[in-house]
Amino acid sequence: MAMNKFNVFHWHIVDDPSFPYLSRTFPQLSQQGAYHPYTHVYTPADVKMVIEFGRLRGIRVIPEFDTPGHTQSWGKGQKDLLTPCYSGSKPSGTFGPVNPILNTTYDFMSQFFKEISTVFPDAYIHLGGDEVDFSCWKSNPDIQKFMEQQGFGQDFTKLESFYIQKLLDIVATTQKGYMIWQEVFDNGVKLKQDTLIHVWKGNKLQYQSEMANITSSGYQTLLSTPWYLNRISYGQDWTGHYQADPQDFQGTDEQKKLVIGGEACLWGEYVDATNLTPRLWPRASAVAERLWSDKGVTDINDAFNRLSVHRCRMVERGIPAEPLFSSYCPREYRGV
Amino acid sequence: MEAIMCMLSSGRCTPTHLYLLLLIIIALGFHTVEGVWPLPQTVTTSPERYPLNSQAFYFGYGRQSAAKPGCSVLDAAFKRYFSLIFQDYTSGNGPLRFNENKPFTVEVSVDHDDCESYPNEDSSERYNLSVYAGKAFLNAETVWGAVRGLESFSQLVYQDEYGSYFVNKTEINDFPRFKFRGILLDTSRHYLPVTAILKTLDAMAYSKFNVFHWHIVDDPSFPYQSSTFPDLSSKGAFHLMTHIYTQSDVRRVISHARLWGIRVIPEFDSPGHTQSWGKGQPDLLTPCYRSSTPSGTFGPVNPVLPSTYQFMTKLFKEVSSVFPDSYIHLGGDEVDFGCWKSNPDVRAFMQKMGFGGDFLKLEAFYMESIVNITSALNKTSIVWQDVFDYHEQIPKDTVLHIWKGTGYKAELSRITKAGMRVVLAAPWYINHITYGQDWRNSYTVQPLDFSGTDEQKKLVIGGEVAMWGEYVDATNLHPRLWPRASAGAERLWSDEQQTSSVDKAFPRLQDFRCLLVRRGIRAEPLFVGHCKHEYQGI
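Chains A and B, in that order, give the protein sequences.
If you use this note's numbering, the first sequence corresponds to residues 1 to 336, in order.
If you use this note's numbering, the second sequence corresponds to residues 1 to 538, in order.
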């Protein structure tokens, strides 16, 4: 990252499949929720080391604790956190998103985010808020009752907003700013003015109009949609990443100023340490130039020549960045 | 005992038997023998398990074995497989284990003493493996079959949660469905260091691949250092010192492959794909013309000059002696006629030969000459399907390599109908990456699903998984190749009916992938999940 002048490490540290973050306040979360409680966890010392390693390179570390969806692994170590799904009138044994109607949920979140705000020094925390599946909430009679009481009818986006609102208020008391995925904005949740909204969905036209909407509402925004590097394909796909411009949408100069940047994402369904580095580099370098350099730097052929040199430079420095095309690096294979 | 017998003969289990069996399974931590990848032809297993202790574990030669101590292939295999089986082994004293030092011996018997030879197209890889208390019997016709059996045995051994090693009572009778099961590596688009090639050979052996198709030279670079024509690499390699394969590098690859029972088939592709050849061999390639003057660029090998065939004869003479396999791949694909057409000498030659304006005839003339050269050297040729498609007259024992993606089933029919043997690569171009679990595409290929008689189907001698090098070098070779290539490996080794379910294959392939990682192969993940022992590098 530092070789490419990236300056933010967005650590999507926990999600459905596993919870590797060892929490001092709730050690059961990783005890029960990690793939293995010792070999597959990040201890407080590990986290400190990552943060310091980043700091020395001028890289901010922003953790993401994504809720209320994407939380299956949280429920292993924290009973009653997730919503029990029902099949008919009986619990089915499976669980859904975080349960938004219990006070214990918010007590937990308060304590949890209090810890997070002290562990991670950056001013921002990413709170997720994406892809919430409503079917489990719908099946649960207690939730149905709550919906009625609150006057939400059958509109579960209102319940989602209810949860997010309370969560954002909790996090705000820890003096942190927050980043959230675009759904939270799309669903009309009331956000603090300094919220960063993270755009990840849609085709080009859709994300361009989303950027326009968000900035016209006065929020700062971050683009990721065209930069999902986990989506691999055959050939030189870096060219597509290189051409995407986060300020390329219909809007005023004031709006464009609200685009604070972008983020290349390498989601982990098909990625681990065996293939992480070649899959990330040098494709992420195309994004790096788009985010650092002047918007007029767009010549693809020139970029190819320079990126080839840059790729060999990374290889020589011990980063196994994959090749762009047939060729060689003069000083490769020293360590492979 | 009744419960165990009930397991082996399905259908006669009462609920109490099943419950008891379940208890036994849970108590013994039953490890399914479908942990062998590729799936053996027949496998019978039992929950009865035997402890293994690295301090008292032995490989031995059976009394009736034709291969004896001193057999290079098996001695090396025993050493390798000991470490592969006991991953935690350190040569000091291990921690005290509280089971008795029950010795376990794997007794290997081989019918033919072929230890010092190279595996060939007809080598039997059949083996049977019987695992009992304290002893396993591995019988095979050849040492190559024994190596396959050792690989299966190594995959039967597992550890419980305390790290103790076990192997279950097992009976395996196994042989490959197809005799030719290959991997193609391209060392011209990107140079691959010898270590990367050796590592690939190791991973190939774990999946029972038995042919390494070395596409060693092509347009971008010529890394093969020829003793007869040293300028080919000194002028044609990416770098004449750091990006070449010396004769000793080549020997190293061939001998490493031999110990794994892997054949090495080199490809010197011509007349197309030869740009790099022209750097060190002036007058080899056809000069292209722009109307009546040479344009400065060059095209395919020049088929009209006698010097071309003198050169090829000398080169293939060297290649034939350097590479011991009886097969040699001559390429013959994707010849662009534009340059030949532009050259007046070539056109004149066409007239003289009565080819008219049909450049296919010229290509045929060239390929036939090359095949004759290699036939005279006692080699069997493999060529790309283009050679057949262009109606070239080639010896009946030439093998055709099917690579074109569209209509490969029709091609299979056509070529086998003409009585020629084929190797299928078309559905296994795994250099073509896509997002998601594309190993399933490799797994569900049905190589014999084309219209033809049984006799025709017998002519499909096997298949090949290809990793072309345009976007691949040692930084990303291993994760791109494994475990996706292993899906093709099972298709080529195992019985198709027993391996038709992708859903059943998934957990087995996940486990196999973790085994590869444990053995130091950077096999990428299939999906979300984890391995007990993760890859520790960057």
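Rather than coming from a laboratory, the hints here were simulated on the basis of the structure.
Be a bit skeptical, because a hint or two may be false.
A partial selection of chain B residues facing chain A, derived with a Cβ cut-off under 10 Å [what the hints assert, rightly or not]:
| no. | residue |
| --- | --- |
| 1 | S109 |
| 2 | S188 |
| 3 | K379 |
| 4 | T380 |
| 5 | W482 |
| 6 | P525 |
| 7 | H530 |
Derived Cβ-Cβ restraints for the label pairs, each shown as a range [claimed, not checked]:
| no. | chain 1 | residue 1 | chain 2 | residue 2 | range |
| --- | --- | --- | --- | --- | --- |
| 8 | A | T239 | B | Q446 | 41 to 51 Å |
| 9 | B | Y89 | A | D186 | 35 to 45 Å |
| 10 | A | Y234 | B | Y390 | 37 to 47 Å |
| 11 | B | N372 | A | W292 | 36 to 46 Å |
| 12 | A | N230 | B | L377 | 19 to 29 Å |
For glycine and all other residues, C-beta sits at the position ideal for the given N, C-alpha and C.
Give me the numbers of the hints this structure contradicts, sorted from smallest to largest.
-> Violated hints (numbers, rising): 1, 3, 4, 8, 9, 10, 11 and 12; every other hint is consistent with the structure.
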